[in-house]
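A.B. asks: Letter by letter, the chains look like this.
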Amino acid sequence: DQQVKQNSPSLSVQEGRISILNCDYTNSMFDYFLWYKKYPAEGPTFLISISSIKDKNEDGRFTVFLNKSAKHLSLHIVPSQPGDSAVYFCAASPTQGGSEKLVFGKGTKLTVNP
Amino acid sequence: AAGVIQSPRHLIKEKRETATLKCYPIPRHDTVYWYQQGPGQDPQFLISFYEKMQSDKGSIPDRFSAQQFSDYHSELNMSSLELGDSALYFCASSSIGTASGEQYFGPGTRLTVT
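Order-wise, the sequence lines are chains Z and V. If you're matching positions, the first sequence starts at 2 in this note's numbering and goes up one per residue. If you're matching positions, the second sequence starts at 23 in this note's numbering and goes up one per residue.
These are computed hints drawn from the structure, not numbers from a lab. You may find that some hints are simply not true.
What the hints assert, rightly or not - In silico lysine to aspartate or glutamate, DMTMM-like type, Cα no more than 20 angstroms apart, as pairs:
1. V/Lys44 with Z/Asp25
2. Z/Lys110 with V/Asp107
3. Z/Lys39 with V/Asp64
4. Z/Lys57 with Z/Glu16
5. V/Lys37 with V/Asp64
6. V/Lys79 with Z/Asp2
7. Z/Lys6 with V/Asp84
8. Z/Lys107 with V/Glu97
9. V/Lys79 with V/Asp64
10. Z/Lys107 with V/Asp107
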């Protein structure tokens, strides 16, 4: 049973436009959410995170929104750049700052076209 | 900044052989995690260690074992290898003392079982 779901396997956007990647989760015990970016032949790279006590966290071009009642989060990238082309994984954890495992979605492949 | 180091990067083994994967966490990180990512799949949690003690266990086969040593590096030992063990194996590390708690991933070891 997939507890973290990324229903769009791929997304294609034009350079300079907004990229919106979506993620849904089913386990209400999840309290901390993270986005990772992964290039081929590399490990996932941490991008941005959000705790369940917040509904928005922003870091430069990246903003994560959390709707806890809907068990939904999204990652916004504005403006999108060709270097953003990668697979983006949504991940969730029951706690922040502990040693809990991460539960990942299946990823969304983002392609930013010049 | 120092990152998570994994060795070897690539490994080819035959069925029923054994393999040992090594992970060197970021300095001062006290928690190590192992994940397995099959082709087109999300990373699946295998096992984690905090301060050299097993802290959590996921879908790790009984043929696999792992440990964390006094210098905090970790080894994943895999015996009686099967074709289905072919995957990318990621190690991640974190520090339980930091408020953010994000996990930092190594580049992975690609294991191919023939």
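A.B. asks: Hint by hint, say whether it matches the structure.
C.D. replies: Status of each hint after checking the structure:
no. : hint                   : in the structure
1   : V/Lys44 with Z/Asp25   : violated, 33 angstroms
2   : Z/Lys110 with V/Asp107 : violated, 24 angstroms
3   : Z/Lys39 with V/Asp64   : holds, 11 angstroms
4   : Z/Lys57 with Z/Glu16   : violated, 24 angstroms
5   : V/Lys37 with V/Asp64   : violated, 24 angstroms
6   : V/Lys79 with Z/Asp2    : holds, 18 angstroms
7   : Z/Lys6 with V/Asp84    : violated, 28 angstroms
8   : Z/Lys107 with V/Glu97  : violated, 26 angstroms
9   : V/Lys79 with V/Asp64   : holds, 17 angstroms
10  : Z/Lys107 with V/Asp107 : holds, 19 angstroms
Hints 1, 2, 4, 5, 7, 8 from the list above are not met by this structure, while the remaining hints are.
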